[in-house]
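**Student:** Line by line, the protein sequences are chains G and L. 1 is the number of the first residue of the first sequence in this note's numbering; add one for each residue after it. 1001 is the number of the first residue of the second sequence in this note's numbering; add one for each residue after it.
Keep in mind that the hints were calculated from the coordinates and are not lab data. Careful: at least some of the hints might be erroneous.
Claimed, not checked - Heads up, simulated DSBU-like pairs for lysine-lysine below, C-alpha to C-alpha not over 35 Å straight-line:
(1) K11(G) - K57(G)
(2) K57(G) - K1069(L)
(3) K1003(L) - K1052(L)
(4) K1003(L) - K57(G)
(5) K1069(L) - K1052(L)
(6) K11(G) - K1003(L)
(7) K57(G) - K1052(L)
(8) K57(G) - K17(G)
(9) K15(G) - K57(G)
(10) K1003(L) - K1069(L)
Every value quoted in this text rests on a predicted model; they were computed, and no experiment measured them.
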Amino acid sequence: GAGVSQSPSNKVTEKGKDVELRCDPISGHTALYWYRQSLGQGLEFLIYFQGNSAPDKSGLPSDRFSAERTGGSVSTLTIQRTQQEDSAVYLCASSSSYGRGQWAEQFFGPGTRLTVL
Amino acid sequence: DAKTTQPTSMDCAEGRAANLPCNHSTISGNEYVYWYRQIHSQGPQYIIHGLKNNETNEMASLIITEDRKSSTLILPHATLRDTAVYYCIVRTHGGATNKLIFGTGTLLAVQP
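Please construct the entire structure, taking both the sequences and the accompanying hints into account.
**Tutor:** Listed below in structure tokens is the structure:
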């Protein structure tokens, strides 16, 4: 079946512009995660959505970053007033639901490479 | 979640076993050891996980020491396609967030 898809695959923008990155999770997965990978910071968690629960936003680096998940499926990560340090690969992952003491494998998309000039 | 320590890089000859070590000396009793890998220009991929017993699947084997302070991921017959960064992650199950905290990983280069 189809995996996690992300669009665009590459995005070049100018400093100060807003960008939107899209993630389509695996059908039926209730949990969705955003990570980013940059040269200086490695792979870091940004935000997590699980069903109707309040999202875990603890990894968002500043208030310029926000994310939505509409209808429990597609998610959009928005970066406002982009800065050069926002340049990175933004990865989305999804997993099935899980309960306390359980785990669920995260399936990653190919990522969106963002370059801020 | 407990911190892990991995070598920065390793080489392995094609067809030989690749043994990737990970130290997690501060692991607690309810924390699992996970391995993910990331092939160049792709997202991370789950490999295997375990609590205290050794585990094997179609991709790899995971050997966890009796004191659980270290583990080894074994790729029994490495191929060129196994060249990737391998991440060892220690975490509990079913917490408030299923997020993964990645370290710097080990770059495994499989040589022809």
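**Student:** Now look at each hint and say whether the structure bears it out.
**Tutor:** Now the hints, each set against the structure:
1. K11(G) - K57(G): Status holds; Cα separation ~23 Å.
2. K57(G) - K1069(L): 31 Å, holds
3. K1003(L) - K1052(L): Cα-Cα ~17 Å, so holds.
4. K1003(L) - K57(G): With Cα atoms ~22 Å apart, K1003(L) and K57(G) stay inside 35 Å; holds.
5. K1069(L) - K1052(L): 10 Å, holds
6. K11(G) - K1003(L): 34 Å, holds
7. K57(G) - K1052(L): Holds, because 32 Å separates the two Cα atoms, which is no more than 35 Å.
8. K57(G) - K17(G): 22 Å, holds
9. K15(G) - K57(G): Since the Cα atoms of K15(G) and K57(G) sit roughly 24 Å apart, the hinted pair holds (cutoff 35 Å).
10. K1003(L) - K1069(L): Given pair K1003(L), K1069(L) holds - Cα atoms ~11 Å apart, limit 35 Å.
Violated hints are absent here; each numbered hint is respected by the structure.
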